[in-house]
Amino acid sequence: MGCGTSVATETQGKRVERAMKAAVLIQRWYRRYMARLEMRRRYTWNIFQSIEYAGEQDQLQLSSFFSFMLDNFTQLNGNGPDLISQLLDPVVDPWLDREICYSLILVPESYSGPRLSFPLSVSDTNALLAAFKEQQTLHARYVLQLLYETKKLLKQMPNIIHLSTSYTKEITICGDLHGRLDDLLLIFYKNGLPSAETPYVFNGDFVDRGKKSVEVVILLFAYLLLYPDNMHLNRGNHEDYIMNLRYGFTKEVMQKYKTHGQEILQLFQDVFSLLPVATVIDGKILIVHGGISDQTNLDFLSSIERHKVSGNKLRLTDGSRPSSSRSHNSVASTSSSSSSSSSSSSLCSPRTPSCISPRPCPSSPSIPYSINVLQVPFLDSLTSVPLPSPPQNEQEWKQIVDVLWSDPKIQEGCSPNTFRGGGCYFGPDVTQRLLLQHGLQLLIRSHECKQEGYELCHGGQVITIFSASNYYEEGSNRGAYIKVGRELVPRFYQYQVSRTTRKLTLTQRYVRAAEGSALRALKEKLFAHRSELMCGFQEYDQNYTGRVSVSEWALVLEAVLRLDLPWRTLRPHLARLTPDGSVEYQSCFEDMGPGIPLPQVTSNLAETLFRYRTDIEIIFNIIDKDHSGLISIEEFRHTWRLFSAHLGVAIDDSAIDDLARSIDFNKDGSIDFTEFLEAFRVVHKLDRQQEG
Amino acid sequence: MAPKKKEEPKPAAPAAPKPPEPERPKTPEFDPASVTVKHQQPFLFTDFKDAFQLFDRTPTSEMKITYAQCGDLIRALGQNPTNAEIMHVLGKPKAEDMQTKMLDFDQFLPIHQHICKAKDRGTFEDFVEGLRVFDKEGNGTVMGAELRHVLATLGEKMREDEVEQLMQNQEDANGCINYEAFVKHIMAS
Numbered sequence: 001m002g003c004g005t006s007v008a009t010e011t012q013g014k015r016v017e018r019a020m021k022a023a024v025l026i027q028r029w030y031r032r033y034m035a036r037l038e039m040r041r042r043y044t045w046n047i048f049q050s051i052e053y054a055g056e057q058d059q060l061q062l063s064s065f066f067s068f069m070l071d072n073f074t075q076l077n078g079n080g081p082d083l084i085s086q087l088l089d090p091v092v093d094p095w096l097d098r099e100i101c102y103s104l105i106l107v108p109e110s111y112s113g114p115r116l117s118f119p120l121s122v123s124d125t126n127a128l129l130a131a132f133k134e135q136q137t138l139h140a141r142y143v144l145q146l147l148y149e150t151k152k153l154l155k156q157m158p159n160i161i162h163l164s165t166s167y168t169k170e171i172t173i174c175g176d177l178h179g180r181l182d183d184l185l186l187i188f189y190k191n192g193l194p195s196a197e198t199p200y201v202f203n204g205d206f207v208d209r210g211k212k213s214v215e216v217v218i219l220l221f222a223y224l225l226l227y228p229d230n231m232h233l234n235r236g237n238h239e240d241y242i243m244n245l246r247y248g249f250t251k252e253v254m255q256k257y258k259t260h261g262q263e264i265l266q267l268f269q270d271v272f273s274l275l276p277v278a279t280v281i282d283g284k285i286l287i288v289h290g291g292i293s294d295q296t297n298l299d300f301l302s303s304i305e306r307h308k309v310s311g312n313k314l315r316l317t318d319g320s321r322p323s324s325s326r327s328h329n330s331v332a333s334t335s336s337s338s339s340s341s342s343s344s345s346s347l348c349s350p351r352t353p354s355c356i357s358p359r360p361c362p363s364s365p366s367i368p369y370s371i372n373v374l375q376v377p378f379l380d381s382l383t384s385v386p387l388p389s390p391p392q393n394e395q396e397w398k399q400i401v402d403v404l405w406s407d408p409k410i411q412e413g414c415s416p417n418t419f420r421g422g423g424c425y426f427g428p429d430v431t432q433r434l435l436l437q438h439g440l441q442l443l444i445r446s447h448e449c450k451q452e453g454y455e456l457c458h459g460g461q462v463i464t465i466f467s468a469s470n471y472y473e474e475g476s477n478r479g480a481y482i483k484v485g486r487e488l489v490p491r492f493y494q495y496q497v498s499r500t501t502r503k504l505t506l507t508q509r510y511v512r513a514a515e516g517s518a519l520r521a522l523k524e525k526l527f528a529h530r531s532e533l534m535c536g537f538q539e540y541d542q543n544y545t546g547r548v549s550v551s552e553w554a555l556v557l558e559a560v561l562r563l564d565l566p567w568r569t570l571r572p573h574l575a576r577l578t579p580d581g582s583v584e585y586q587s588c589f590e591d592m593g594p595g596i597p598l599p600q601v602t603s604n605l606a607e608t609l610f611r612y613r614t615d616i617e618i619i620f621n622i623i624d625k626d627h628s629g630l631i632s633i634e635e636f637r638h639t640w641r642l643f644s645a646h647l648g649v650a651i652d653d654s655a656i657d658d659l660a661r662s663i664d665f666n667k668d669g670s671i672d673f674t675e676f677l678e679a680f681r682v683v684h685k686l687d688r689q690q691e692g
Numbered sequence: 001m002a003p004k005k006k007e008e009p010k011p012a013a014p015a016a017p018k019p020p021e022p023e024r025p026k027t028p029e030f031d032p033a034s035v036t037v038k039h040q041q042p043f044l045f046t047d048f049k050d051a052f053q054l055f056d057r058t059p060t061s062e063m064k065i066t067y068a069q070c071g072d073l074i075r076a077l078g079q080n081p082t083n084a085e086i087m088h089v090l091g092k093p094k095a096e097d098m099q100t101k102m103l104d105f106d107q108f109l110p111i112h113q114h115i116c117k118a119k120d121r122g123t124f125e126d127f128v129e130g131l132r133v134f135d136k137e138g139n140g141t142v143m144g145a146e147l148r149h150v151l152a153t154l155g156e157k158m159r160e161d162e163v164e165q166l167m168q169n170q171e172d173a174n175g176c177i178n179y180e181a182f183v184k185h186i187m188a189s
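Respectively, the protein sequence lines represent chains A and B. Going by full-length UniProt numbering, the first sequence wraps up at 692, each residue one higher than the last. Going by full-length UniProt numbering, the second sequence wraps up at 189, each residue one higher than the last.
It is worth saying that the hints were derived from the structure and are not from the lab. Among the hints, erroneous ones may be present.
Not close to chain B: a few residues of chain A, all C-beta gaps over 12 Å, as computed [to be verified]: (1) E17; (2) Y33; (3) S103; (4) S110; (5) T168; (6) Y189; (7) G261; (8) N297; (9) L488; (10) L570; (11) E590.
Covered stretches of chain B (chain A as the covering partner; in silico rule of three or more C-beta atoms under 8 Å from a C-beta of chain A) [said to hold, decoys possible]: (12) 60 to 71; (13) 75 to 86; (14) 96 to 102; (15) 158 to 169.
For glycine and all other residues, C-beta sits at the position ideal for the given N, C-alpha and C.
Produce the entire structure from the sequences given, and follow the hints as far as they go.
Set out below in structure tokens:
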């Protein structure tokens, strides 16, 4: 090489030129690849979030169904089971001491887990940490005792805890954990265990969704008992009975504690209702789980008896039943909100049984809804009828619901959070006003998953902190926590639990995995609303060509599903195009099929059961008192009739009877409802093909 | 056939040939007003609007993106321009403008359309041909190390972490990459 002739130079030059061109080409393609990956990541995130919030909104249906059942209990004939008394545990004021004889529970010799001794010491908490890392379960006896002690402690606490920083120690603030033990352990590892030198505030939502909610909450309570001055827990919206039924905590407890699960759950509910709702640092930083509303008043909030407000759902905690004067005559009128609230602690106004749409409809703004946990008569702000100032009880609930459920928004003002079904969307002006009013400078809240684990808004006056990494899928987001010292300047620490150490491809793996499951979840949503969607499509397709334009397709989806998603960008994953560029709308549903085809099940019934399967499962779990997995045919039939009446869905009685009988495989009069629900699980055909 | 490129490398000096910097394109300034935005397929614009919204990071959802995001968005929509082409259609902005200057949807459309019109985007074969340049032994593989070096030093240089992300898991035990498979991997997104 390098002989210096001009020919050689030219070849050399050409070679370099080719190399250059090749390099640029690869670089172009690579940059395109990365941009498309990023776009997929973003819409996958959008899908997960929309579906999550829409799911929480479905809570409304379930709790309104409970109210409906209560309203209609007189309709149950004498032969039917008294579902109402089954649904509602004898309500004990959480304040009162239950008959918990944990000391009578024998711990067998063979039990190798931690044996706690109260008052707790560091060796106990260390034993718990070690045990949970080894996947051990704490014995029911110690769980009960721990909860009992925690309840005693929490009773002494005010609604709002006031903390001070000092020059030598910073306070660490963590957000939602949702049963992710790995994240909690990672935080303890990075930041230190709770102690006098390392105080913590955990901002709610310790349970549900993740698989280790029990372990997470046991550790938190244990440290609370050990360091009551340096460990602080705020209540979140998931520290609640109905949320737990739906989002997995109840199931987890019952699975881990078959014998004593019920008792444990009851104590958990007491403890949850006694958790403080807010923390204030140095009189300057307010920490609540959800947010605020334009009605939030910290002085008022401090004065409420929080355990009473957040007690069991459908009765006053002083044991009085809802008055029967609240009859079907006073149907949905706007003034009924105040009458209902005066008669019972929580129910929405009575309505005529079979014609209520379960969804919040903008067209009927006058029907108040009950919020799941706290069952606050929820007034849609669209109504313009002036209402009398609501009574004390209702205001108290609103204070707590707002603080647990609200989300910040970009625009000014305060509007009801219809997406969640509780609390408000609060704008920067609301934040500003509250901070000024109470001499605060910062609001720290959680409640929403953020990709970086934290996010600032309202000009830096509101921080969202979220501590469950990989919340939607592995790689979806980081977790984070905040540290504040004397100067009250928050510092953020991020982390991400990862199964492998190859962080570089986390985004790529996440997009592939998460996109798949996000799209599957989305397709299930489409399937669950098939008939409504078909109606919508056919409105644009009067000639039954089977096709609509992409815009029309997107419009129908948006209107029926009410998920704010980039439908057109997602279209290639959801539906086929014809050569002329219109959408074959039937192709949306092609990929989905029923789990186990049951001949008695018409497609209409299948769709309804599929859509409400979570609700049905919850109701079954309630009816199945002994958690055997079986309910009697009679109970099944009755529940189903009520449920369909409530939904306003015409389901043939005989169809249900047939169904019930066919499901009763061993003909002993009881139904294994897990099997029943299996039938209505939806199978994704494409997945099947790939497996086969 | 190698794709046409706007930049023309200067011929190397005889003694020590260095990879030359690309010359600035000699095409005239880009005038967005000269682009007639086609209206025959109106629904496509709404497709783009969805994607545009995904990239909109303004706190008040103003439907605006920064100059810096423009290239990403165009690529996300399926084109693969060079950085130079992007800078050209943006009117050769200064480095500090990239994060501060914004584009709204109507300003974006003619830019995107112009990029779409550009010929010779490069097919699978072009891409493979490009990689074949580095295939010393002509056996369908390139050395991972060499490719990394090229991507980081030639053309529109990539950063080390970008190169790493691209090349992750592509090399076999000997550090070689079967480039046809590699190209399929890149083009499959």
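Handout entry: Violations among the numbered hints
Key = 1, 2, 10 and 14
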